[in-house]
Amino acid sequence: MNSRNGLEAPAWLLKTFGCSPNNEMLMGDLAEAVDRGKTAGWYWKQAIIAVVVGAFATLKGRPVTLLRAVSAGWLIFWPLGFASFNFVYPLALVMLGLDEPDLLIGSWAPPFAWHTAPFGRIYTFAMNAIASGLLFAVGIISGWLLAVLFRPHSRSAVFFFSSSVLLSWMVYSASLGDDAIGARLPWSVYFWMNAIVQTFCIVMGGALADRKRSTAS
Amino acid sequence: MFIIGEYMSNANAISNFELMVMLALIKLGDKAYGVPISEEIAEQSGHDVALGSVYAALERLEDRRLVTSRVGEPTPERGGRAKKYFKVTGKGIDVVRETQQTLTRMWKGLKTLARGRA
Chain A
2 MNSRNGLEAP AWLLKTFGCS PNNEMLMGDL AEAVDRGKTA GWYWKQAIIA
52 VVVGAFATLK GRPVTLLRAV SAGWLIFWPL GFASFNFVYP LALVMLGLDE
102 PDLLIGSWAP PFAWHTAPFG RIYTFAMNAI ASGLLFAVGI ISGWLLAVLF
152 RPHSRSAVFF FSSSVLLSWM VYSASLGDDA IGARLPWSVY FWMNAIVQTF
202 CIVMGGALAD RKRSTAS
Chain B
48 MFIIGEYMSN ANAISNFELM VMLALIKLGD KAYGVPISEE IAEQSGHDVA
98 LGSVYAALER LEDRRLVTSR VGEPTPERGG RAKKYFKVTG KGIDVVRETQ
148 QTLTRMWKGL KTLARGRA
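For the record, the sequence lines run as chains A and B.
Throughout, this note's numbering is defined as the position within the first sequence, counted from one, plus 1.
Throughout, this note's numbering is defined as the position within the second sequence, counted from one, plus 47.
FYI, nobody ran anything at the bench for these hints, they're computed from the structure.
Fair warning: this is a prediction, and the values are worked out from it, not measured in the lab.
Mixed in with the good hints, there may be bad ones.
In silico DSS-like cross-links for lysine-lysine, where the CA-CA straight-line distance does not exceed 27 Å [as the list claims (entries may be wrong)]:
#1 B:K158 <-> B:K78
#2 B:K78 <-> B:K155
#3 A:K61 <-> A:K39
#4 B:K78 <-> A:K39
#5 A:K39 <-> A:K16
#6 A:K16 <-> A:K61
#7 A:K16 <-> B:K78
#8 A:K46 <-> A:K16
#9 B:K74 <-> B:K134
#10 B:K155 <-> B:K138
#11 B:K78 <-> B:K134
#12 A:K61 <-> B:K134
#13 B:K78 <-> A:K46
#14 A:K39 <-> B:K155
#15 A:K61 <-> B:K138
#16 A:K16 <-> B:K134
#17 B:K78 <-> B:K138
Construct all of the structure, not just a fragment, from the sequences and the given hints.
Right, here's the structure in full:
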């Protein structure tokens, strides 16, 4: 069995998010160390430390650039999110007939399903799936634009911006009262799923921009 | 004069970890790249060392021209990736010597530590 089997995930993590100018050499060193007997756990630890240390080294060297990057990220993310939920979301509901449940029922649901509990759940699921889809799309577009704007420091820019978005979700969660819908099961699971996946979408948007660039060059 | 002296010593100041990296480079000579550097520090300090931290220190030292580097040939056992060899510059050697002298002077004043009673 190849000793590098099972290391695709940390290798991808390091390749995608590693900010160090010596990232390629570092990956080569890790591969060599694994061949000499280091474990997968050791590789994971090294990859995570390298990503965090690389991002903070860039922050230390270029604090103003990264402050501008996080500010620019929010200037993209916030209006995009506002427009999505004030214009795109209502429009999507109208187009899919979800703005008026009776209209929806009349359009494509069989009569026996009208006003039943399962149908109510499907209706709620559809609305929330659209909302989540928009959240994730806003994340990908923001990450992509930020990476394009902040080359060659796109990885650290996206790293710190996505961290600030996740932090804002945490602050928002802490601000919810115990009786708020988002603080109770099952909605708390939906809330954190959205928070984590949207953060991941931001970094994926940044990675897509980087990949497109490296393919082009 | 005092200000200039203080400025110069700050400009030459290196962290404990950077000093360990530079000493490892001097010891390893032409074979100094990521893996042996981290192994040397781990062996001497008794702690596992993160390669990411080693490279971050090397990048800082290279920015200050205390270290130079050259890229070797890619090898299959490294997934087709090249090694990067590092070497301490003349300026780097001066900084290591200066640090050693400063630490030695300070150490001499600590008699309790020298007797192992601190």
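Hint by hint, here is what the structure shows:
1. B:K158 <-> B:K78: Violated, at roughly 38 Å.
2. B:K78 <-> B:K155: At roughly 34 Å apart (the allowed maximum being 27 Å), B:K155 and B:K78 break the hint.
3. A:K61 <-> A:K39: violated (31 Å)
4. B:K78 <-> A:K39: Given that 27 Å is the threshold and the Cα spacing comes to 21 Å, the pair holds.
5. A:K39 <-> A:K16: holds (19 Å)
6. A:K16 <-> A:K61: holds (21 Å)
7. A:K16 <-> B:K78: holds (25 Å)
8. A:K46 <-> A:K16: holds (15 Å)
9. B:K74 <-> B:K134: holds (10 Å)
10. B:K155 <-> B:K138: Judged against 27 Å, a Cα distance of about 26 Å means the pair holds.
11. B:K78 <-> B:K134: Holds, at about 9 Å.
12. A:K61 <-> B:K134: Holds, because 24 Å separates the two Cα atoms, which is no more than 27 Å.
13. B:K78 <-> A:K46: holds (25 Å)
14. A:K39 <-> B:K155: violated (41 Å)
15. A:K61 <-> B:K138: holds (23 Å)
16. A:K16 <-> B:K134: holds (26 Å)
17. B:K78 <-> B:K138: It holds: about 20 Å lies between the C-alpha atoms, which stays within 27 Å.
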